[in-house]
Amino acid sequence: MTSTVSFLTTKPHLIVVGNGMVGHHFVEQIIAQGGHETFQITVFGEESYLAYDRVHLSEYFTGKGAADLAMTDGTLYDEHGVRYFTNSLVTEIDREAKQLILQNGEALAYDKLVLATGSYPFVPPIPGHKRDNTFVYRTLDDLDAIRACAKQVTRGTVVGGGLLGLEAANALKNLGLETSVVEFAPRLMPVQLDEQGGAVLKEMIEGLGVQVYTNTATTEIVDGEMAFHRMNFADGSYLETDLILFSAGIRPQDALAHQSGLSVGERGGICVNNHCQTSDENIYAIGECALWNNRIFGLVAPGYAMAKSAAGHLMGDAGVTFTGADMSTKLKLLGCDVGSVGDAHAQSQGCKVFVYQDELSQSYRKMVVSEDGKKLLGAVLVGDNSYYDTLLQYYLNGIDLPTQAQALILPAMDGAPVGLGVDALPATASICSCHNVSKQDISDAVCNGALSVGDVKGITKAATGCGGCAALLKKVVDNELLALGVEVSTDICEHFAYTRQDLYNLVKVGEIKTFAELLKTHGKGHGCEICKPAVGSILASVWNDYVLKKEHISLQDTNDRFLANMQKDGTYSIVPRIPGGEITPERLIVLGEVAKEYGLYTKVTGGQRIDLFGATLSQLPQIWEKLIAAGFETGQAYGKSLRTVKSCVGSTWCRYGVNDSMKMAIDLENRYKGLRSPHKIKFAVSGCTRECAEAQSKDIGVIATEGGWNLYVCGNGGMKPRHGDLFAKDLDDETLVKYIDRVLMFYTKTADRLQRTSVWMEGLEGGLEYLKDVVINDKLGLCAELEASMQHVVDTFQCEWKTTLKDPEALKTFRQFVNYEGSDSNVVFVEERDQMRPATEFEKQQLIAKVG
Amino acid sequence: MTMPWKLICKQENLIEGAGVAAMLNGEQVAVFYVPESDNKIFAIGNWDPIGKANVLSRGLVAHLQDQWVVASPLYKQHYELSSGQCLEEDIKVPHWQAKLEGGEVFIATHS
Numbered sequence: 001m002t003s004t005v006s007f008l009t010t011k012p013h014l015i016v017v018g019n020g021m022v023g024h025h026f027v028e029q030i031i032a033q034g035g036h037e038t039f040q041i042t043v044f045g046e047e048s049y050l051a052y053d054r055v056h057l058s059e060y061f062t063g064k065g066a067a068d069l070a071m072t073d074g075t076l077y078d079e080h081g082v083r084y085f086t087n088s089l090v091t092e093i094d095r096e097a098k099q100l101i102l103q104n105g106e107a108l109a110y111d112k113l114v115l116a117t118g119s120y121p122f123v124p125p126i127p128g129h130k131r132d133n134t135f136v137y138r139t140l141d142d143l144d145a146i147r148a149c150a151k152q153v154t155r156g157t158v159v160g161g162g163l164l165g166l167e168a169a170n171a172l173k174n175l176g177l178e179t180s181v182v183e184f185a186p187r188l189m190p191v192q193l194d195e196q197g198g199a200v201l202k203e204m205i206e207g208l209g210v211q212v213y214t215n216t217a218t219t220e221i222v223d224g225e226m227a228f229h230r231m232n233f234a235d236g237s238y239l240e241t242d243l244i245l246f247s248a249g250i251r252p253q254d255a256l257a258h259q260s261g262l263s264v265g266e267r268g269g270i271c272v273n274n275h276c277q278t279s280d281e282n283i284y285a286i287g288e289c290a291l292w293n294n295r296i297f298g299l300v301a302p303g304y305a306m307a308k309s310a311a312g313h314l315m316g317d318a319g320v321t322f323t324g325a326d327m328s329t330k331l332k333l334l335g336c337d338v339g340s341v342g343d344a345h346a347q348s349q350g351c352k353v354f355v356y357q358d359e360l361s362q363s364y365r366k367m368v369v370s371e372d373g374k375k376l377l378g379a380v381l382v383g384d385n386s387y388y389d390t391l392l393q394y395y396l397n398g399i400d401l402p403t404q405a406q407a408l409i410l411p412a413m414d415g416a417p418v419g420l421g422v423d424a425l426p427a428t429a430s431i432c433s434c435h436n437v438s439k440q441d442i443s444d445a446v447c448n449g450a451l452s453v454g455d456v457k458g459i460t461k462a463a464t465g466c467g468g469c470a471a472l473l474k475k476v477v478d479n480e481l482l483a484l485g486v487e488v489s490t491d492i493c494e495h496f497a498y499t500r501q502d503l504y505n506l507v508k509v510g511e512i513k514t515f516a517e518l519l520k521t522h523g524k525g526h527g528c529e530i531c532k533p534a535v536g537s538i539l540a541s542v543w544n545d546y547v548l549k550k551e552h553i554s555l556q557d558t559n560d561r562f563l564a565n566m567q568k569d570g571t572y573s574i575v576p577r578i579p580g581g582e583i584t585p586e587r588l589i590v591l592g593e594v595a596k597e598y599g600l601y602t603k604v605t606g607g608q609r610i611d612l613f614g615a616t617l618s619q620l621p622q623i624w625e626k627l628i629a630a631g632f633e634t635g636q637a638y639g640k641s642l643r644t645v646k647s648c649v650g651s652t653w654c655r656y657g658v659n660d661s662m663k664m665a666i667d668l669e670n671r672y673k674g675l676r677s678p679h680k681i682k683f684a685v686s687g688c689t690r691e692c693a694e695a696q697s698k699d700i701g702v703i704a705t706e707g708g709w710n711l712y713v714c715g716n717g718g719m720k721p722r723h724g725d726l727f728a729k730d731l732d733d734e735t736l737v738k739y740i741d742r743v744l745m746f747y748t749k750t751a752d753r754l755q756r757t758s759v760w761m762e763g764l765e766g767g768l769e770y771l772k773d774v775v776i777n778d779k780l781g782l783c784a785e786l787e788a789s790m791q792h793v794v795d796t797f798q799c800e801w802k803t804t805l806k807d808p809e810a811l812k813t814f815r816q817f818v819n820y821e822g823s824d825s826n827v828v829f830v831e832e833r834d835q836m837r838p839a840t841e842f843e844k845q846q847l848i849a850k851v852g
Numbered sequence: 001m002t003m004p005w006k007l008i009c010k011q012e013n014l015i016e017g018a019g020v021a022a023m024l025n026g027e028q029v030a031v032f033y034v035p036e037s038d039n040k041i042f043a044i045g046n047w048d049p050i051g052k053a054n055v056l057s058r059g060l061v062a063h064l065q066d067q068w069v070v071a072s073p074l075y076k077q078h079y080e081l082s083s084g085q086c087l088e089e090d091i092k093v094p095h096w097q098a099k100l101e102g103g104e105v106f107i108a109t110h111s
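Residue numbers (our numbering), protein chains in the order written: chain A, 1 to 852; chain B, 1 to 111.
Careful, some of the hints might be misleading.
Straight-line alpha carbon distances no greater than 30 Å define the calculated DSSO-like cross-link-like pairs of lysine-lysine that follow [to be verified]:
hint: 1; chain 1: B; residue 1: Lys76; chain 2: A; residue 2: Lys603
hint: 2; chain 1: A; residue 1: Lys64; chain 2: B; residue 2: Lys6
hint: 3; chain 1: A; residue 1: Lys812; chain 2: B; residue 2: Lys76
hint: 4; chain 1: A; residue 1: Lys626; chain 2: A; residue 2: Lys680
hint: 5; chain 1: B; residue 1: Lys40; chain 2: A; residue 2: Lys549
hint: 6; chain 1: B; residue 1: Lys92; chain 2: A; residue 2: Lys844
hint: 7; chain 1: A; residue 1: Lys375; chain 2: A; residue 2: Lys596
hint: 8; chain 1: B; residue 1: Lys6; chain 2: A; residue 2: Lys812
hint: 9; chain 1: B; residue 1: Lys76; chain 2: A; residue 2: Lys11
hint: 10; chain 1: B; residue 1: Lys52; chain 2: A; residue 2: Lys680
hint: 11; chain 1: A; residue 1: Lys173; chain 2: A; residue 2: Lys375
hint: 12; chain 1: A; residue 1: Lys596; chain 2: A; residue 2: Lys806
hint: 13; chain 1: B; residue 1: Lys10; chain 2: A; residue 2: Lys812
hint: 14; chain 1: A; residue 1: Lys513; chain 2: B; residue 2: Lys40
hint: 15; chain 1: A; residue 1: Lys738; chain 2: A; residue 2: Lys812
hint: 16; chain 1: B; residue 1: Lys76; chain 2: A; residue 2: Lys568
hint: 17; chain 1: B; residue 1: Lys52; chain 2: A; residue 2: Lys596
hint: 18; chain 1: A; residue 1: Lys806; chain 2: B; residue 2: Lys6
hint: 19; chain 1: A; residue 1: Lys596; chain 2: A; residue 2: Lys332
hint: 20; chain 1: A; residue 1: Lys330; chain 2: A; residue 2: Lys375
hint: 21; chain 1: A; residue 1: Lys568; chain 2: A; residue 2: Lys64
hint: 22; chain 1: B; residue 1: Lys99; chain 2: A; residue 2: Lys524
hint: 23; chain 1: A; residue 1: Lys568; chain 2: B; residue 2: Lys52
If you are wondering where the hints come from, they were derived from the structure by calculation, not from laboratory data.
With the sequences and hints as input, model every part of the structure.
Quick look at the structure:
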């Protein structure tokens with residue numbers, strides 16, 4: 001035997017069976033403690049991939065690839081001499097000989113063994129459960145198989161309405177299937193939710209078009225008449241579906257323990273002690289295969305805690321023990337917030353309960369408190385998880401509840417914050433439960449020089465597990481920085497040490513007309529994709545030059561540079577302005593004819609306009625030539641600028657209208673259509689309080705009253721809806737326009753880049769009252785300037801497309817290629833519902849195959 | 001060895017501080033004209049491997065930590081103009097040597 005081999009074999013051999021998230025975390029932990037120097041480490045994984053992020057598995061369907069989900073590319077293992085084998089099933093443990101038997105019959109000796117074999121999906125033994133087109137949802141291979149099947153069929157059903165079942169239902173829905181969920185228990189998510197919470201969630205999910213059957217037992221699966229399968233239910237009814245996905249819970253993967261005679265629980269799971277040692281002291285079990293205190297922990301955070309304690313024990317540190325874990329969870333399932341903290345079912349002795357339910361906005365919240373009302377024992381949230389972080393901190397840290405404890409689940413009234421400030425959290429408060437990071441750990445990291453959330457993440461790993469604590473982490477980091485007296489940087493980017501508001505003032509006061517000039521006088525370097533468009537927008541707000549002028553063109557984002565909206569395949573969509581949504585039949589026919597001539601996909605937008613999709617770069621000027629000849633103007637759908645003024649027909653036609661909302665909408669749209677602003681702006685005008693135009697969800701909302709117009713400001717639909725604030729009542733036409741001028745210009749002057757009015761208002765010190773003071777009472781003495789600025793924009797309006805068509809230099813940039821007249825061969829359309837749409841990758845391959 | 005330089009277009013067809021698309025042996029190339037840089041001209045693939053469309057020529061040119069890059073107009077990843085290396089992902093797009101000579105733009109057909 002050579003000396004090298006004997007040298008190697010002097011290190012005890014540590015084998016890790018299983019390379020899921022927990023198995024991988026164990027390797028990370030043991031390496032961090034220098035375990036690769038103490039042990040020769042070997043890892044076996046059954047799947048073909050190294051460890052990947054199973055928590056975010058569903059993102060595999062929404063664009064992420066296996067590489068995005070991977071937790072390691074093997075570099076960490078290679079760098080520390082860890083041998084790893086994928087596609088390798090361990091079939092036997094011979095405890096007497098201290099060796100493993102692999103599928104190929106090979107034997108391998110171990111000194112210490114860690115089982116991180118995880119779990120497998122439980123498939124209820126319903127007759128027919130092994131038919132074709134039935135699946136489970138656990139691995140990337142499962143997902144590949146589901147995706148392949150989903151392409152061929154239209155209906156999918158998930159058996160199981162728990163956490164994973166709903167996650168899987170979301171995936172099926174995203175794959176375009178008509179989706180149903182069948183749950184045996186009387187409610188959805190029976191482990192985390194109470195009856196009422198389950199009912200609210202069911203209603204929300206059904207509102208999204210997913211059929212939910214609770215209290216439903218499937219007796220058999222047979223051939224369907226209309227679909228591939230028919231599921232017969234115990235009550236005699238049935239459901240026809242093409243694809244069935246079983247997600248009825250998990251079972252610990254403990255086959256090796258059974259085979260080798262380790263102690264296992266009655267219902268499965270490898271019994272472990274506080275060091276995660278099994279009944280054989282040389283064998284450890286961690287993660288979902290382990291049974292601690294007769295419990296299985298099916299979340300990643302407890303698995304990580306087990307990995308840490310096993311690694312510590314192997315390295316001779318018996319201090320890090322696993323003594324149970326908090327199973328509180330918050331998730332977004334099918335877009336619905338669900339949260340569960342501690343004793344969600346109110347089973348504690350003598351506990352009391354607060355419940356808040358709002359059937360209008362579909363939210364439900366419950367707090368379970370101790371008999372004396374002092375401590376929080378548990379909570380259930382459905383519909384709005386913004387309450388979760390605060391509740392969890394009260395629960396985990398045993399903080400005394402405030403006297404009006406119910407405020408913790410009541411909606412905020414008058415903007416009074418009910419959250420627990422991060423200042424109030426004790427140093428021991430757990431911020432990230434996946435990586436067990438406390439407030440103190442973050443504080444230490446900041447003290448040691450981590451000055452951004454990114455740095456803190458890198459050092460502590462906080463918010464790198466499930467990511468649920470990211471918002472809280474940012475608050476804690478900012479708070480720590482503030483406490484240290486560190487100024488949190490508000491610089492727009494590395495080229496300008498200024499905020500957008502500063503830049504706006506510099507441009508205006510210094511009469512700066514170009515980016516180059518601003519960079520030379522107030523910046524450094526050469527600019528980037530952050531500062532260029534921001535400054536481009538400021539220059540346009542202040543001077544209102546043509547945006548494609550030679551000195552401005554390279555500042556514009558692709559949409560502004562080509563005056564159209566880029567779609568996923570690189571083609572553009574075109575939205576002509578249709579003020580107030582009013583359009584003559586003649587113009588409507590022109591739109592139809594142009595769309596037909598160029599084969600454009602045509603859709604009515606939410607802002608009462610018409611969007612024409614699929615134009616190539618070189619077609620844009622030709623199409624606009626025709627539209628402008630018919631009297632259309634650019635709709636600036638591509639710009640951070642006024643989009644539309646939505647309107648109802650108002651008093652001219654409507655029986656209920658009290659004022660001419662149509663005329664007001666058209667006038668407002670024509671007045672503000674040229675304004676470049678920090679972000680897009682939407683208006684609406686309603687002719688009466690029935691509010692058919694939904695003005696209160698817009699940046700500027702106007703509602704007709706008997707006495708004139710009510711003005712609402714800073715509303716928003718979209719991702720984070722906000723009701724507009726009533727700014728002034730019963731205004732005449734002139735005052736209305738004056739106020740809107742001032743509000744919009746003040747916003748344009750002071751907001752951050754890409755900040756909508758709603759967020760701007762939330763951050764405005766003094767809020768609505770301050771804005772009223774500035775705009776109505778002229779507290780800052782700015783009103784005359786604001787109005788003059790707006791008047792300049794109004795007076796210098798130009799239709800950018802009209803200007804472009806007259807400018808041969810600008811037109812030149814619309815060529816697809818500088819040296820070739822052909823088109824982009826990657827732009828391929830297929831027909832669907834009598835119109836064209838971009839072909840999918842799969843369709844393109846098939847088309848190529850056919851042509852080939 | 002002499003580079004097989006291929007004439008692509010006149011300098012006046014370029015846009016200062018931005019990109020245009022060109023066709024080179026059936027392959028789409030994004031050509032950037034950056035007067036402030038040492039190179040002046042850069043050529044990388046037009047195909048955005050993340051957005052999966054031929055769009056890189058239509059991205060914004062940026063200068064980040066001493067590197068000239070383009071930000072994809074679709075999902076904003078940055079690609080180094082000198083090497084095609086993506087800053088966010090372990091992905092590279094092709095790149096070519098390019099030069100400006102006598103008011104004309106040339107690209108080396110292999111580099």
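Verification of the hints:
Of the supplied pair hints, the one linking lysine 76(B) and lysine 603(A) holds, its CA atoms being roughly 27 Å apart against a limit of 30 Å. Between lysine 64(A) and lysine 6(B), the direct Cα distance comes to roughly 38 Å. Violation of the 30 Å bound is thereby established for this hinted pair. Distance check on the hinted pair: lysine 812(A) and lysine 76(B) sit about 25 Å apart at the alpha-carbon level, within 30 Å; holds. Only pairs whose Cα atoms come within 30 Å are accepted, and lysine 626(A) paired with lysine 680(A) is accepted, the gap being roughly 27 Å.
Note on lysine 40(B) and lysine 549(A): the hinted pairing holds, with a Cα-Cα distance of about 21 Å set against a maximum of 30 Å. Between the alpha carbons of lysine 92(B) and lysine 844(A) the distance comes to roughly 23 Å, so the proposed pair stays at or under 30 Å and holds. Only pairs whose Cα atoms come within 30 Å are accepted, and lysine 375(A) paired with lysine 596(A) is rejected, the gap being roughly 67 Å. For the proposed pair lysine 6(B) and lysine 812(A), the alpha carbon gap of about 22 Å is at most 30 Å, so the pair holds.
Distance check on the hinted pair: lysine 76(B) and lysine 11(A) sit about 48 Å apart at the alpha-carbon level, beyond 30 Å; violated. Proximity of lysine 52(B) to lysine 680(A) is assessed by CA-CA distance (about 27 Å); at most 30 Å being required, the pair is judged to hold. At most 30 Å may separate the alpha-carbon atoms for a hinted pair to count; lysine 173(A) and lysine 375(A) exceed this at roughly 40 Å. About 25 Å separates the Cα atoms of lysine 596(A) and lysine 806(A), which keeps this hinted pair within 30 Å; it holds.
Proximity of lysine 10(B) to lysine 812(A) is assessed by CA-CA distance (about 13 Å); at most 30 Å being required, the pair is judged to hold. Distance restraint check for lysine 513(A) and lysine 40(B): the Cα-Cα separation of roughly 25 Å lies within the 30 Å cut-off, and the hinted pair is therefore satisfied. Restraint check for lysine 738(A) and lysine 812(A): the C-alpha separation of about 41 Å exceeds 30 Å, so the hint is violated. Under the criterion of a C-alpha separation no larger than 30 Å, the hint pairing lysine 76(B) with lysine 568(A) is consistent with the structure, at around 13 Å.
For the proposed pair lysine 52(B) and lysine 596(A), the alpha carbon gap of about 27 Å is at most 30 Å, so the pair holds. The straight-line distance between the Cα atoms of lysine 806(A) and lysine 6(B) is roughly 33 Å, outside the 30 Å bound, and the hint therefore fails. Among the hinted pairs, lysine 596(A) with lysine 332(A) is inconsistent with the structure: their alpha-carbon atoms are about 42 Å apart, more than 30 Å. About 20 Å separates the Cα atoms of lysine 330(A) and lysine 375(A), which keeps this hinted pair within 30 Å; it holds.
A C-alpha spacing of about 16 Å is found between lysine 568(A) and lysine 64(A), which places the hinted pair at or below 30 Å, so the restraint holds. Distance restraint check for lysine 99(B) and lysine 524(A): the Cα-Cα separation of roughly 27 Å lies within the 30 Å cut-off, and the hinted pair is therefore satisfied. Taking the CA atoms of lysine 568(A) and lysine 52(B), the gap is near 8 Å; set against the 30 Å cutoff, the hint holds.
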